[in-house]
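**Q** Residue-level listing of the chains:
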Amino acid sequence: MIVVIGVVFALHTALVTIWIQPPNPFRDAVGPKNVYSYINNDVFPFEQSWSVFAPTPRRGGENVKVRAYYGTPGESGTRVTEWFDITADEDKRIKFLVNPSRFHSATRRLGGNVNSTVSQFNEKQRLLVGGNLITSPRSKLAKLLKQANTKGLVGLANINQYIDNDDMLTRYGTMYANARWGHGVTAVEFQVGHRSVPNYTKRNTESFLDVPFTYYRIGIRKAMPGNSDAQAAFDGYVHKAPKTTKSSKSSKDGE
Amino acid sequence: MSQPSIASRGLDLVNEWYDKFESWLLTDKRSIYGASLARILAGCSVMGILITNFRVRNLMFGPGSVWSKPTQDGNDMYWPPRLIVSHMGNTTFLFYYLLVIFVAFLFVLGWHTRLVGILMLIGHVSIIERIPVLGDQGDNILRVGIFLILFMNTSEHWSLDARRRARTQPESMGGGAGGLVAAVKNAYNGHRVLPLWFTNGLHNVVLIALGWQLIMIYFSAGWFKAQGSLWYHGTALYYPLQLQEYKPFPFLTDAFTHVGVMVGLSTYVAMCVQIGFGFALLHPIARRVAIFCAIMFHLSIAVLMALPWFSLSMIAFDAIFVSTSTFILFDRWIRDKLRPVADLFFDLTDPLVDKLPGRAKQPSLVSSSAD
Chain D
14 MIVVIGVVFA
24 LHTALVTIWI
34 QPPNPFRDAV
44 GPKNVYSYIN
54 NDVFPFEQSW
64 SVFAPTPRRG
74 GENVKVRAYY
84 GTPGESGTRV
94 TEWFDITADE
104 DKRIKFLVNP
114 SRFHSATRRL
124 GGNVNSTVSQ
134 FNEKQRLLVG
144 GNLITSPRSK
154 LAKLLKQANT
164 KGLVGLANIN
174 QYIDNDDMLT
184 RYGTMYANAR
194 WGHGVTAVEF
204 QVGHRSVPNY
214 TKRNTESFLD
224 VPFTYYRIGI
234 RKAMPGNSDA
244 QAAFDGYVHK
254 APKTTKSSKS
264 SKDGE
Chain R
508 MSQPSIASRG
518 LDLVNEWYDK
528 FESWLLTDKR
538 SIYGASLARI
548 LAGCSVMGIL
558 ITNFRVRNLM
568 FGPGSVWSKP
578 TQDGNDMYWP
588 PRLIVSHMGN
598 TTFLFYYLLV
608 IFVAFLFVLG
618 WHTRLVGILM
628 LIGHVSIIER
638 IPVLGDQGDN
648 ILRVGIFLIL
658 FMNTSEHWSL
668 DARRRARTQP
678 ESMGGGAGGL
688 VAAVKNAYNG
698 HRVLPLWFTN
708 GLHNVVLIAL
718 GWQLIMIYFS
728 AGWFKAQGSL
738 WYHGTALYYP
748 LQLQEYKPFP
758 FLTDAFTHVG
768 VMVGLSTYVA
778 MCVQIGFGFA
788 LLHPIARRVA
798 IFCAIMFHLS
808 IAVLMALPWF
818 SLSMIAFDAI
828 FVSTSTFILF
838 DRWIRDKLRP
848 VADLFFDLTD
858 PLVDKLPGRA
868 KQPSLVSSSA
878 D
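Chains D and R, in that order, give the protein sequences. Under our numbering, the first residue of the first sequence carries the number 14, and numbering increases by one thereafter. Under our numbering, the first residue of the second sequence carries the number 508, and numbering increases by one thereafter.
Treat the hints as calculated values from the structure; they're not laboratory data. Any given hint could be a false lead.
To be verified - If the Cβ cut is set under 7 Å, some of the chain D residues that face chain R in the computed set are:
id: 1; residue: A67
id: 2; residue: K215
id: 3; residue: R216
As the list claims (entries may be wrong) - With a straight-line Cα cutoff of 25 Å, these simulated DMTMM-like cross-link-like pairs (lysine to aspartate or glutamate) come out:
id: 4; chain 1: D; residue 1: K235; chain 2: D; residue 2: D248
id: 5; chain 1: D; residue 1: K159; chain 2: R; residue 2: D838
id: 6; chain 1: D; residue 1: K105; chain 2: R; residue 2: D761
id: 7; chain 1: D; residue 1: K105; chain 2: R; residue 2: D580
id: 8; chain 1: D; residue 1: K215; chain 2: R; residue 2: D761
id: 9; chain 1: R; residue 1: K576; chain 2: D; residue 2: D55
id: 10; chain 1: D; residue 1: K215; chain 2: D; residue 2: D104
id: 11; chain 1: D; residue 1: K215; chain 2: D; residue 2: E95
id: 12; chain 1: R; residue 1: K576; chain 2: D; residue 2: E60
id: 13; chain 1: D; residue 1: K108; chain 2: D; residue 2: D98
id: 14; chain 1: R; residue 1: K576; chain 2: D; residue 2: D223
id: 15; chain 1: D; residue 1: K46; chain 2: R; residue 2: D838
id: 16; chain 1: D; residue 1: K253; chain 2: D; residue 2: E95
id: 17; chain 1: D; residue 1: K215; chain 2: D; residue 2: D248
id: 18; chain 1: D; residue 1: K153; chain 2: D; residue 2: D98
id: 19; chain 1: D; residue 1: K235; chain 2: D; residue 2: E95
id: 20; chain 1: D; residue 1: K235; chain 2: R; residue 2: D643
id: 21; chain 1: D; residue 1: K153; chain 2: R; residue 2: D580
id: 22; chain 1: R; residue 1: K576; chain 2: D; residue 2: D242
id: 23; chain 1: D; residue 1: K46; chain 2: R; residue 2: D643
id: 24; chain 1: R; residue 1: K692; chain 2: R; residue 2: D838
id: 25; chain 1: D; residue 1: K235; chain 2: D; residue 2: E88
id: 26; chain 1: R; residue 1: K576; chain 2: D; residue 2: D248
id: 27; chain 1: D; residue 1: K108; chain 2: R; residue 2: D761
id: 28; chain 1: R; residue 1: K576; chain 2: D; residue 2: D180
id: 29; chain 1: R; residue 1: K536; chain 2: R; residue 2: D838
id: 30; chain 1: D; residue 1: K156; chain 2: R; residue 2: D580
id: 31; chain 1: D; residue 1: K108; chain 2: R; residue 2: D857
Cβ coordinates follow ideal geometry from the N, Cα and C atoms, glycine included.
Chain R extracted, bound-state conformation:
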């Protein structure tokens, strides 16, 4: 019997990889724990930004932001949402602002996540993009990241949608008006309406797009740094840390910059982790090291440079790179720790919730697969 040719073996290998990729893409949703955490943390970022700016909301985004009129007028982008707040007075804007915070809170809770997510994104953009002159990259990654996760299933875990799915049964969707009503009911209750292969495929395709977006962010940020002599010489971090806007705790920053080795080490680690992040994801151990370094990097930025919401946004989307097994361990650990608090909470709220129409059934801890 003759040995298969190299070309034949090559084709077999390609076919095998293709089958594996197709199976990965269509048979299940990947990284749903990460997507769920991304939803929670991205929603927290939106809430955090809005609450942080609550006192100066009129000066930043409302009628008082007219001081930045030239850049507001020159901003052709985001034209549909931007127009929402452009003619609001102080009082109307206050209610709108509070509404968007509330919608972001609902997104964090995972209440009708898809609809609420769209509303939150529109609300967030309509407010934040009123002040392009004070914009930063945190706004950009948050906007782009939230846009992408709207196409994903982010309510599979740690959400009210998951509880509702566990409490209700999907209705059979036949033809005609009855089928349409059933589809609407299923959509309302968070049950699957579209074919599984489609929702799996869409979730996973967007997961790849988001993952690649993050890898490219890290890579380009590191690549730009590698071109600078101060980064090359390991002293770059010292300079921005001296500026008052990035120095909320002077004693902490001074202690850090006092030791040259710390400055050099941090500068090189920041640059190397950013450039190597995407490559590190290819190996399980390197991936864990890279994610840990990235989280530490962003926590340092949050505290030392007073940029908590940018940092939280990056950590939120980095969550998609954490493995499901790690999340299951984390889920068990946090459930154990929080069980007394959760029990107390549900002891207080369940009697009230059960009185609501259609809430006679007890919630189950098991959530069904849905979108």
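With the rest of the complex left out, here is chain D:
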């Protein structure tokens, strides 16, 4: 019995060892799909990756700005809020906190994911991402991005990842905007920024916080509200916008 248990754990350990090392001939011998299906099994996965900060450590920061629309974008009388930097607000909350919640990193994570996928898009695909999506479903954007894909399967995987993150950002932004500026948001719009840590040699003369963000716009997205429980969770978390805030007229962007 102990021998059987020993063999089971030895096999488990061998597969985990093969999985977590950098690409190696042993993984090829067992078959990457076989190892993957064991490690990422449905019931109790042993999913793990230890290439944290390696070989290249993270050297950049992202942030996300949002603004909300009340009414139909492009039509007169539609109220548009000012831009609000969600990530900067989260950064204020985590300063001097040794045990911050990971939720404070949500927009940074989504912005980072969007950045990494958009950076692999071609010029036409970037224009599509910047376009508005107010009446059409997200699947239409996916279809257009796929038509413009020039990178085969890798490009398709990248598009799927972008679409997921676009969807999550829209859901997050909608509930956040509802909580900040009041319920009834009909559409949201984002700017995703990126900046890099100054080179090591300049560490005592330049501060990362002084490096300006480079922004690009994601087009206007139709609001994706959650149910009352979900919205209540955001309402209890997000700081309300000051009442003195003046709204501007709608931009003239169209879909």
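Fit chain R to the supplied structure of chain D, relying on the hints for placement.
**A** Chain R in isolation, oriented as in the chain D frame:
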């Protein structure tokens, strides 16, 4: 008389090693102090993660986490526990969340450790895996590590199970229904039910699996680093430490990165300790140095990078590498220091506990061997 051949001596050596290994594997449970500390610290990590996220629980894991629906829907893994919370409202989820924290607390105390450990793992996974987009490697090592220590005896020391075992006597397990009842009673009281050779063997086999898992984590993390030019040049640590999410105390980080030698030294030490951790375990002194460096490394990550629960999880499982003699010294030292507090606590609680059914016997400080 002729000398034995080289082949014969080789076979004798192999037999000797095999006998030693078999004896090591089956005659006793190894590293039970380390396993007990791993239980306490892993339970603290689970509690810490849940308490840290308590205020944002609905946004992270509850109904408000619907913002991450595409990744929730795309996550085919953990399907049994994941479904537990997927349809809960805010109020139901609050009670469930508190329940899992309480179960983790019971795990830390070592109260019916095996059953509570399984429930804690299911509860933890059902909550944490609701938000794969915000997952990190701390979740992974905690999940895998807790899964493995469930097969080990983690309640031999510093647990309520140990106190219960000392207070009660194992019942004789004969055949028939009486034997079954005795077995259930023994299991409830934390006494051994299965044969000793089996429980020893299982504990030790899983101990090896957990140890190897940790060695491979360190090795692969160091191996990946060694492939990077920034690590090679000794400047890698500077970059992530500038990011706001990893900079809770800017003055501390700035003081650290201001001195180039510190950055270089820390970068190289981190990489070398990770690659060499497994090899260092082979020598008693090198092992102590490696474990000390690993703990310091994780404490630094906890404070400088605001990742306390990942760090605590790693330290928890690293405890299995600490020798029993070190733990006995530590145990004596901490008992001496905490005796006044413990005396006060038990002076207050024992009268209440003694009134409970079946609690007439005084607890003994000696714990019996059990599983």
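**Q** Which numbered hints are broken by the structure, listed smallest first?
**A** Result: hints 2, 5, 7, 11, 14, 15, 17, 18, 20, 24 and 31 break, sorted rising.
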